[in-house]
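Trainee: Okay, here's what each chain looks like letter by letter:
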Amino acid sequence: MSSTEQGTSSAAPAEPTTAPESAAAPEVPESFYYVHGKDKVVHKVSAGALQHSALIHGMISNLGYTEEQAKANPFPFENIDGDILQMVVDWCNQHKGKPTPPEDTNLPKQKEKLFDLVLAVNYLEIKELLTYCCKQVAMMVKGKSPEEIREIWMIPTDAEDEAAEKEAKKRAGKEAAGETAAAAGDAK
Amino acid sequence: MPIPILSLLTSDIQYALNCMEIGDLIAFSLCSKRTKHLAKSSNRKIHSICAEFDTGSSIAIQQQDDELFFDFDDSGTELKRRNGVEVWRKPEFTQSDWVAHFLSIFNKSMIHVLYIENIEISHLDSIKQIIPKFNRLEIGDLSSDSVAKMAFFKLAPIAVEHVVVHKNVFDYGNDVSKFLTQNLKSVFFFDFDNPFKLELNDLLKAKIENLTIQTANITEQELNRFLKIWMKSNHSFYRPKYIKLFLTKEINREDVLRGIKYYSGSHNCQLNRADGKTLLISIRARSVILEFQ
Numbered sequence: 001m002s003s004t005e006q007g008t009s010s011a012a013p014a015e016p017t018t019a020p021e022s023a024a025a026p027e028v029p030e031s032f033y034y035v036h037g038k039d040k041v042v043h044k045v046s047a048g049a050l051q052h053s054a055l056i057h058g059m060i061s062n063l064g065y066t067e068e069q070a071k072a073n074p075f076p077f078e079n080i081d082g083d084i085l086q087m088v089v090d091w092c093n094q095h096k097g098k099p100t101p102p103e104d105t106n107l108p109k110q111k112e113k114l115f116d117l118v119l120a121v122n123y124l125e126i127k128e129l130l131t132y133c134c135k136q137v138a139m140m141v142k143g144k145s146p147e148e149i150r151e152i153w154m155i156p157t158d159a160e161d162e163a164a165e166k167e168a169k170k171r172a173g174k175e176a177a178g179e180t181a182a183a184a185g186d187a188k
Numbered sequence: 001m002p003i004p005i006l007s008l009l010t011s012d013i014q015y016a017l018n019c020m021e022i023g024d025l026i027a028f029s030l031c032s033k034r035t036k037h038l039a040k041s042s043n044r045k046i047h048s049i050c051a052e053f054d055t056g057s058s059i060a061i062q063q064q065d066d067e068l069f070f071d072f073d074d075s076g077t078e079l080k081r082r083n084g085v086e087v088w089r090k091p092e093f094t095q096s097d098w099v100a101h102f103l104s105i106f107n108k109s110m111i112h113v114l115y116i117e118n119i120e121i122s123h124l125d126s127i128k129q130i131i132p133k134f135n136r137l138e139i140g141d142l143s144s145d146s147v148a149k150m151a152f153f154k155l156a157p158i159a160v161e162h163v164v165v166h167k168n169v170f171d172y173g174n175d176v177s178k179f180l181t182q183n184l185k186s187v188f189f190f191d192f193d194n195p196f197k198l199e200l201n202d203l204l205k206a207k208i209e210n211l212t213i214q215t216a217n218i219t220e221q222e223l224n225r226f227l228k229i230w231m232k233s234n235h236s237f238y239r240p241k242y243i244k245l246f247l248t249k250e251i252n253r254e255d256v257l258r259g260i261k262y263y264s265g266s267h268n269c270q271l272n273r274a275d276g277k278t279l280l281i282s283i284r285a286r287s288v289i290l291e292f293q
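As they're listed, the protein sequences go chains U and F. Residue 54 in full-length UniProt numbering sits at position 54 of the first sequence, with consecutive numbering throughout. Residue 149 in full-length UniProt numbering sits at position 149 of the second sequence, with consecutive numbering throughout.
A couple of the hints might just be wrong.
[Claimed, not checked] Pairs of lysine to aspartate or glutamate, EDC-like flavour, derived with a Cα cap of 20 Å:
| id | chain 1 | residue 1 | chain 2 | residue 2 |
| --- | --- | --- | --- | --- |
| 1 | F | Lys36 | U | Asp81 |
| 2 | F | Lys33 | U | Glu162 |
| 3 | F | Lys36 | U | Glu147 |
| 4 | F | Lys36 | U | Glu165 |
| 5 | U | Lys142 | F | Glu78 |
| 6 | F | Lys40 | U | Asp158 |
| 7 | U | Lys142 | F | Glu161 |
| 8 | U | Lys113 | F | Asp12 |
| 9 | U | Lys144 | F | Glu161 |
| 10 | F | Lys33 | U | Glu160 |
| 11 | F | Lys90 | U | Glu68 |
| 12 | U | Lys142 | F | Glu67 |
| 13 | F | Lys90 | U | Glu165 |
| 14 | U | Lys127 | F | Asp12 |
| 15 | U | Lys144 | F | Asp141 |
| 16 | F | Lys90 | U | Glu179 |
| 17 | F | Lys40 | U | Asp161 |
| 18 | U | Lys142 | F | Asp255 |
| 19 | F | Lys33 | U | Asp161 |
| 20 | U | Lys144 | F | Glu21 |
| 21 | F | Lys36 | U | Glu67 |
| 22 | F | Lys36 | U | Glu160 |
| 23 | F | Lys33 | U | Asp158 |
| 24 | U | Lys135 | F | Asp71 |
| 25 | U | Lys142 | F | Asp97 |
| 26 | F | Lys90 | U | Glu167 |
| 27 | F | Lys33 | U | Glu30 |
| 28 | F | Lys80 | U | Asp161 |
| 29 | U | Lys144 | F | Asp71 |
| 30 | F | Lys33 | U | Glu128 |
| 31 | U | Lys144 | F | Glu78 |
[To be verified] Derived list of chain U stretches under chain F, where covered just means 3 residues or more per stretch with a C-beta under 8 Å from a C-beta of chain F:
| id | stretch |
| --- | --- |
| 32 | 39-53 |
| 33 | 112-120 |
| 34 | 135-143 |
Hints listed in this document are in silico derivations from the structure and should not be mistaken for laboratory results. All values reported here derive from a predicted model rather than from experimental measurement. Built from N, CA and C at the ideal position, the CB exists for glycine as well.
Build out the structure end to end from the sequences listed, making use of the hints.
Mentor: Have a look at this one:
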């Protein structure tokens, strides 16, 4: 597992976190990159591990950073909680250079974080992990009745949906009216 | 801890729905209109949906290697699955709504098989309302004669493809013609214990396109007379395309074809009519197949 250290996205971290050593030492020196989430904790992750993320992989391909530059400019993911990013980094490290198995026993177990994890994984475009997470989401309602599913997945009733839709329409109407009034004021 | 699944991206929700078992997906679809729409959009593939009306009513969702059973009435549905029997209530749903819901979420245009067993005759009209379209009608052998007959006349015309009757309902001579003169696509009358008594007139009046009877009781002489009349009926329309009769006793091929000019093959023989129509006949020990071309 990677260790972490507080850092900022604007300044280079003094001693960034170290990615776990893989069991087999790489033959050529591996390049490392740095990412941080909302909590600004910087994680050092190998390029091999980051290949799981189509988003980061694309960013790396486009930037052509040297290790020093990468160190000085961690990728900021301000929309991802620190602990969630940690889970993602751990998963990427565990599956570095390995084909992902059909059933992943190394998946984070924290169900309460699952929702945020799905959002983060989707954003980072880590397809395999997203599939596992969604499987876990599906498992939450295995064998449950419609009423139980409604509670577990916080599904609004039709009446609640209709009320929310009305409210949204009303708000949109008010906003449109406000914009029209402002435009009329500008014209005068 | 609950998670607000509907706040996820649609693609993520669809990933999750794709991982769900059919029973869970159906439960999800019943939560609200939005979830029904999402379940439908998941395009989950199933083999077929069948309905059975007996003392109760049930729906079977058939997949390649599994089957889910729902006993349903106007107050709710009972689902039998691994963890026992569950009752799902949907007070606003009638039986028609349940059927429409199942068809809709699996993007099926109709019930694959409607199976009728011993029900009240008065129930037939409501079944017609509940299941307005189905591919195949099956009338079970435990149905009373009156139910079987009425089910045939009321429901067979709605069947898109096939009708299977698992009992001999031809009590009287007139009955046979009434059944066989229906303009239906494909009918299979099946009763081993009570063979169907057929005569020349029954075959002449038949209007079912694809007719199979197992087992039928007809003599070589009646078959021979039918073939002779068919040969003489130039330019007349005969609706059946295929008739297969499994017979109660072995028949003599020579007696069936006596006095008829035909072209012979290994198992088949061919009759050519003056108007260009042909009839392929296959006669085995206990079966006769007539293919009209």
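Trainee: Now look at each hint and say whether the structure bears it out.
Mentor: Checked hints:
1. Between lysine 36 of chain F and aspartate 81 of chain U the alpha-carbon distance is near 32 Å, which puts this suggested pair outside the 20 Å criterion.
2. Between the alpha carbons of lysine 33 of chain F and glutamate 162 of chain U the distance comes to roughly 10 Å, so the proposed pair stays at or under 20 Å and holds.
3. The hinted pair formed by lysine 36 of chain F and glutamate 147 of chain U meets the criterion: a straight-line CA distance of about 14 Å does not exceed 20 Å.
4. For the proposed pair lysine 36 of chain F and glutamate 165 of chain U, the alpha carbon gap of about 17 Å is at most 20 Å, so the pair holds.
5. Using a Cα cut-off of 20 Å, the hinted pair lysine 142 of chain U and glutamate 78 of chain F holds, with the two alpha carbons roughly 17 Å apart.
6. Among the hinted pairs, lysine 40 of chain F with aspartate 158 of chain U is consistent with the structure: their alpha-carbon atoms are about 17 Å apart, no more than 20 Å.
7. For the hint linking lysine 142 of chain U to glutamate 161 of chain F, the alpha-carbon distance of about 37 Å lies beyond 20 Å, and the restraint is violated.
8. Using a Cα cut-off of 20 Å, the hinted pair lysine 113 of chain U and aspartate 12 of chain F holds, with the two alpha carbons roughly 15 Å apart.
9. A C-alpha spacing of about 37 Å is found between lysine 144 of chain U and glutamate 161 of chain F, which places the hinted pair above 20 Å, so the restraint is violated.
10. Straight-line distance between C-alpha atoms of lysine 33 of chain F and glutamate 160 of chain U comes to about 11 Å, which keeps the hinted pair within the 20 Å bound.
11. Taken as a hint, the lysine 90 of chain F and glutamate 68 of chain U pair is broken in the structure, with Cα atoms around 63 Å apart against an allowance of 20 Å.
12. Between lysine 142 of chain U and glutamate 67 of chain F, the direct Cα distance comes to roughly 17 Å. Compliance with the 20 Å bound is thereby established for this hinted pair.
13. For the given pair, lysine 90 of chain F sits about 23 Å from glutamate 165 of chain U by alpha-carbon distance, which is inconsistent with the 20 Å threshold.
14. Proposed proximity of lysine 127 of chain U and aspartate 12 of chain F is supported: the alpha carbons are some 11 Å apart, at most 20 Å.
15. With a CA separation close to 37 Å, the supplied pair lysine 144 of chain U and aspartate 141 of chain F exceeds the 20 Å bound.
16. Between lysine 90 of chain F and glutamate 179 of chain U the alpha-carbon distance is near 44 Å, which puts this suggested pair outside the 20 Å criterion.
17. Proposed proximity of lysine 40 of chain F and aspartate 161 of chain U is supported: the alpha carbons are some 18 Å apart, at most 20 Å.
18. This hinted pair does not check out: lysine 142 of chain U and aspartate 255 of chain F have alpha carbons roughly 66 Å apart, beyond 20 Å.
19. Taken as a hint, the lysine 33 of chain F and aspartate 161 of chain U pair is honoured in the structure, with Cα atoms around 9 Å apart against an allowance of 20 Å.
20. A C-alpha spacing of about 11 Å is found between lysine 144 of chain U and glutamate 21 of chain F, which places the hinted pair at or below 20 Å, so the restraint holds.
21. With a CA separation close to 51 Å, the supplied pair lysine 36 of chain F and glutamate 67 of chain U exceeds the 20 Å bound.
22. For the given pair, lysine 36 of chain F sits about 15 Å from glutamate 160 of chain U by alpha-carbon distance, which is consistent with the 20 Å threshold.
23. Distance restraint check for lysine 33 of chain F and aspartate 158 of chain U: the Cα-Cα separation of roughly 6 Å lies within the 20 Å cut-off, and the hinted pair is therefore satisfied.
24. Of the pairs offered as hints, the one joining lysine 135 of chain U and aspartate 71 of chain F is violated, with about 29 Å between alpha carbons and a cut-off of 20 Å exceeded.
25. The hinted pair formed by lysine 142 of chain U and aspartate 97 of chain F fails the criterion: a straight-line CA distance of about 25 Å is larger than 20 Å.
26. Of the pairs offered as hints, the one joining lysine 90 of chain F and glutamate 167 of chain U is violated, with about 27 Å between alpha carbons and a cut-off of 20 Å exceeded.
27. Only pairs whose Cα atoms come within 20 Å are accepted, and lysine 33 of chain F paired with glutamate 30 of chain U is rejected, the gap being roughly 52 Å.
28. The hinted pair formed by lysine 80 of chain F and aspartate 161 of chain U fails the criterion: a straight-line CA distance of about 31 Å is larger than 20 Å.
29. Distance restraint check for lysine 144 of chain U and aspartate 71 of chain F: the Cα-Cα separation of roughly 18 Å lies within the 20 Å cut-off, and the hinted pair is therefore satisfied.
30. At most 20 Å may separate the alpha-carbon atoms for a hinted pair to count; lysine 33 of chain F and glutamate 128 of chain U exceed this at roughly 30 Å.
31. About 13 Å separates the Cα atoms of lysine 144 of chain U and glutamate 78 of chain F, which keeps this hinted pair within 20 Å; it holds.
32. Interface restraint, the stretch 39-53 of chain U with chain F: violated (0 residues with C-beta to C-beta distance below 8 Å; minimum three).
33. Only residues whose C-beta sits within less than 8 Å of a C-beta in chain F count toward coverage, and the stretch 112-120 of chain U has 5 of them, enough to reach three; the restraint holds.
34. As drawn, the stretch 135-143 of chain U meets chain F at 8 residues by the rule of a beta-carbon pair under 8 Å; at three or more, the given contact holds.
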